[in-house]
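Chains as they are written, first to last, in this note's numbering: chain A, -6 to 628; chain B, -6 to 628.
Please keep in mind that the hints were generated in silico from the structure rather than gathered at the bench. Given the structure is predicted, the values throughout are model-derived calculations rather than measurements. Treat the hints with care, as some may be off.
Copies of one chain are not kept apart here, so a pair can be met inside one copy or by any two copies together.
Think about it this way: if two alpha-carbon atoms lie no more than 20 Å apart in a straight line, the pair counts; the simulated EDC-like pairs of lysine to aspartate or glutamate are [as the list claims (entries may be wrong)]: (1) Lys524 with Asp586; (2) Lys368 with Glu28; (3) Lys557 with Glu599; (4) Lys175 with Asp547; (5) Lys292 with Asp586; (6) Lys121 with Asp96; (7) Lys467 with Glu581; (8) Lys169 with Asp366; (9) Lys495 with Glu220; (10) Lys274 with Glu104; (11) Lys507 with Glu222; (12) Lys524 with Asp275.
Spelled out, the chains give:
Protein chains: 2
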Amino acid sequence: MKIQHQISSAHYISGGFINRWQRLVKDTIIPYQYEVLNDRAEGAEKSHVIANFKNAAKALRGEDIGDGFYGMVFQDSDAAKWIEAAAFSLISYPDEVLEKTVDALIDLIAEAQDEDGYLNTYFTINDKEKRWQNLMEGHELYCSGHMMEAACAYYEATGKKKLLEVMERNAEHIYKMFIAEKREGYPGHPEIELALMKMYRLTRNVHCLELAEHFINVRGVDPHFFEKEAAKRDWSVWGNDATNHHYAQNFAPLKEQNDAVGHSVRAVYLYTGAADLAAEKDDTELLSACRRLWESITKRRMYVTGGIGSTLIGEAFSVDYDLPNDTAYNETCASIGLMMFAAKMLEADPDREYADVMELAFYNTVLAGVQLDGKKFFYTNPLEIIPGISHIAATHWHALPQRPGWHTCACCPPNAARLISSFGKYAYGENTTTAFCHLYADGEVSFKNGVKLTCSTEYPYGFTVNYDIIQGGKTLALRIPAWSKSYSITKNGEALSAEVVKGYAYFDVSTGDKITLTLDSAPYYVYASTKVPELTGCVAVKRGPLVYCFEGADNGEVLPLSLKRGGKLTVSDTADTALDGAFRITAEAVRADDCGSLYSSEPLTEQPCEAVAIPYYTWGNRGENQMRVWLSEVR
Amino acid sequence: MKIQHQISSAHYISGGFINRWQRLVKDTIIPYQYEVLNDRAEGAEKSHVIANFKNAAKALRGEDIGDGFYGMVFQDSDAAKWIEAAAFSLISYPDEVLEKTVDALIDLIAEAQDEDGYLNTYFTINDKEKRWQNLMEGHELYCSGHMMEAACAYYEATGKKKLLEVMERNAEHIYKMFIAEKREGYPGHPEIELALMKMYRLTRNVHCLELAEHFINVRGVDPHFFEKEAAKRDWSVWGNDATNHHYAQNFAPLKEQNDAVGHSVRAVYLYTGAADLAAEKDDTELLSACRRLWESITKRRMYVTGGIGSTLIGEAFSVDYDLPNDTAYNETCASIGLMMFAAKMLEADPDREYADVMELAFYNTVLAGVQLDGKKFFYTNPLEIIPGISHIAATHWHALPQRPGWHTCACCPPNAARLISSFGKYAYGENTTTAFCHLYADGEVSFKNGVKLTCSTEYPYGFTVNYDIIQGGKTLALRIPAWSKSYSITKNGEALSAEVVKGYAYFDVSTGDKITLTLDSAPYYVYASTKVPELTGCVAVKRGPLVYCFEGADNGEVLPLSLKRGGKLTVSDTADTALDGAFRITAEAVRADDCGSLYSSEPLTEQPCEAVAIPYYTWGNRGENQMRVWLSEVR
């Protein structure tokens, strides 16, 4: 059984936790990021994205290009992700002013497109002659991909076709080169593959499918393509090492790959497109490769927070079980990409395993990427912060103890915005017989198969999920997360014993049915495999999908704390509204007295105490202090 | 009270542990390294050191330079350290053949010296015009320093003056430039400072003292010297970053420095020269700076093994308490330098604190740098090895699980050789009234103050140290190490209650006295400050000065092991002759059963077991396997 592509369901988040975050995106993040894109946000890094489009249009018209291009070679994609975030937001929260702002930006983008369909401000402004000469570093296909995603989302949100037509022309330009004219190569940074699949599903333009298939299958067939490409030109963007075939996942064809390696965002973007293609084409060989790569990530290379890409060196996956807490890279974008990959694997095979990881990555690493006020953002998401070491030691410079307002490389902030505002796309799925509820979020959903329902829940802080079936007559599939040690489902107040397949409870629903899913609200301890050197003797705390952490603001010094095995975990009675409505968890613990010297031959004395944990995603909102997810365990 | 410079005592190691290592140096390491220096050692990295001297001599004579220069810019120093090792070895173990070999090498070196006293094969062969233009990277002063040390040692060993005269001419050449002609600058890699102090103490040539003082005091007065120097030339050796003032300890004058920073070998070589100069000149300001830097290292930045320089990035000190086990750099040379620094601090102030660290670094990190067969060498000394991660993960490439035969950058192997063969210089000290016994080693010592004694001990595997006083009439000062929770001293069989000042027991000895020092032989646990994030909840095992570690060869998988707090530590009945005569220690432990998944919400079950530890310095001698110094503690 497969789930149809997510675009088929309409969903309107109306309340609860997700609504609050989506409102934050709408009310704060989208306007704030628009100011950033226009270089009007005080104290934030310069972006220049909008100016780049204006200057590219001038360049095409042969006018003076003003202050030229500024930013990363892939700066255009920040605008694309912002449009996508705005588009998804407009689906749930119509807003004429925002729509007009987006329309105006789309007009600018259209003006920056060349006659032949080419669209990229870096090369249009800097040197048209260098187009398509540096697939390894140039990010032209990457930027096109992001803009295609934006085009699809904006069409879906508004029915407006302008950007979609721009990107169809762009797709045809790319098709002409790589398919019709058989140009060699594949993108340095995968992204366009998954975007072309979106374009294909929306427009049914087979050129898009053909291009996606081409880029996915040709990758790594010649692992030395980037070296050959580099040899042909006398310039580079960053001087990337073309011989590092792991970095860009081109050491072998994807179908032959077994381990998730290299730049983690590139990897999961590639796998997302591949999983989507595999499902579309019933390519079992490709799907098997995706499954192997999924297992490589989630069974051996993923943090308990759903963070992936443990090393700064190449922003990359490390080897199996190398999961350092303090130097974890864990780019926010990588966990977003992991959600995308999980969503596609889930469509190919409705198994809660995928939805569980999707949820884990969302509620922990993705949300941790955003300050609770929506104005600051983490690029990296370590599991330990020690002021004095983090961001100061040479090996820890990337481990920021506080979120900055923007980043020179600003891929993450708009990526988080578009992800949060498209939450419904990850929460629901369907096929002709069944409506799938993967994630829990307040709101209304209209499935294309006719099912319509409203969901109300305080999840992830409440563990009851109510569904009112407005239109039934089909099967409902409710995910039971693996973390929930017990659960119950009632239909109209009666216990319901549903068939559970791969973690989904399947049962038929009729119009007017009231379904209640109750999950296990008890906090619990988590342990790691002994194969993870960093985590031997350690324990963490979770409740529902939320990983908790211990921060200085609640505990003073965190380093001397150890948790007691089997100690009682107590959930606070009240939510902390200043901390996103979080409920704290208090754990039985001991606090070691420092020995007063670097080493001592006497055991450190310890005093019983309580250790207070907050959800990991809320850390770093109360000033710089020690933070740990994993504590040593007294047993 | 000060101790006179160590050169004053003569010592002949004749048995026991140190003798075995010195014989290994003499019988294996010195001959093996000589083969390496001549590029005749199979499977070892090319050295070309001897060929470089030959080719430099040819260059000076205007002859064809053959295959030119090969190796690091500081390749000459490998020959210098080899000569020094040979010289120290000749003191205890006369050997005509070896002496002739050294003489021949010295003849070659003398031929490679330019008329003006300049001596450096890299610049002599490659480009004479580039001499002294790149103090930052060129290592000319560094190589001179090492050759001065070799010259002093060889004169002391043989009374032969040829190399000493070569280096006196070299010193005068340097004096002329930097003092007489007031050339600006200071060495990128300190070393010549401590060597000039040695030259001064041997020759009483005040130019050497003046030069040492100059280089130590001028350093960092202009922190931008290397940038200015770099701006004047159009070439570099490695493209070092001249603006990294911490790397080369030139961010401020040494007297104003508080933290041990930058390249750790450079740092401790500099501090060694400074401490020696401070003692010589009674410069309390300089000595205070050395004391602050000593505390920075030993109280906040040193591993339990006496390893220093925790990060690969710049082979450098990190910040306080950042002491990762798995990625520890801990260069062998840095611990040798720490011993040198400790020895000089000890001369300035006879406090066991210095001798304890000297001993810790020697018996653990320095000896770990050498394979038990004397043919392979570690450059880095991590405290954890996990096959599959160590040397494979991008952040761990330097953490070798096995010693290679030689290194492209071969500073450590000959450094370890010269250190081991000069052990007596660290073991003893004296002034007019007192003979100091800092470290324990079998053999005979003649102090210049008239005291003569023999020492017999199985230390560090035996804890009784016997001294036969062949010539008395002075005070004997015996160090009582801080790790020894109890001790006793007897004189001629009677308990002796000596005054103990700063960890030294002082008492008068007469000819014929038999003194016995008995130290605590019980193995013990070690704990770390809660300020060290890496070590919370962890424990290590020591016996005497030896840090122990747990290796796969004795334990199978080490990662699942935890030690029981207060568990009995049992020393094996027999020494393992295949493992350098080591006694194993068995600890009460538990072994966790793996949960079979990356994360689990169930605690890992644990089975009681025994964990077997071996001395850290013997690890890596039985194939590649897991190794850990610190284990999680069950408490």
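So, going through the hints one by one against the coordinates:
Taking identical chains as interchangeable, the C-alpha atoms of Lys524 and Asp586 lie at most 20 Å apart only when they sit on different chains, with a minimum of 11 Å there against 30 Å within one chain. Taking the shortest Cα distances, Lys368 and Glu28 sit within 20 Å of each other inside one copy (11 Å), while across copies they are farther apart (64 Å). In this homomeric assembly, Lys557 and Glu599 come within 20 Å of each other (Cα to Cα) both inside a single copy, at 12 Å, and across copies, at 16 Å. Proximity of Lys175 and Asp547 under a CA criterion of 20 Å is satisfied in neither setting, with 61 Å inside one chain copy and 60 Å between copies.
Proximity of Lys292 to Asp586 under the C-alpha cut-off of 20 Å is restricted to the inter-copy arrangement: shortest distance 17 Å between copies versus 37 Å within a copy. For the homomeric pair Lys121 and Asp96, neither the shortest alpha-carbon distance inside one copy (27 Å) nor that between copies (68 Å) is at most 20 Å. Proximity of Lys467 to Glu581 under the C-alpha cut-off of 20 Å is found in neither arrangement, the shortest distances being 47 Å within a copy and 61 Å between copies. Taking the shortest alpha-carbon separations for Lys169 and Asp366, neither the intra-copy value of 45 Å nor the inter-copy value of 66 Å comes in at or below 20 Å.
Taking CA atoms no more than 20 Å apart as the test, Lys495 paired with Glu220 passes in neither setting, with 44 Å inside one copy and 64 Å between copies. Taking the shortest Cα distances, Lys274 and Glu104 never come within 20 Å of each other, neither inside one copy (36 Å) nor across copies (76 Å). Proximity of Lys507 and Glu222 under a CA criterion of 20 Å is satisfied in neither setting, with 61 Å inside one chain copy and 80 Å between copies. For a Cα distance limit of 20 Å, the shortest separation of Lys524 from Asp275 qualifies neither inside one copy, at 36 Å, nor across copies, at 55 Å.
Checked against the numbered hints given earlier, the structure breaks hints 4, 6, 7, 8, 9, 10, 11, 12 and satisfies all the rest.
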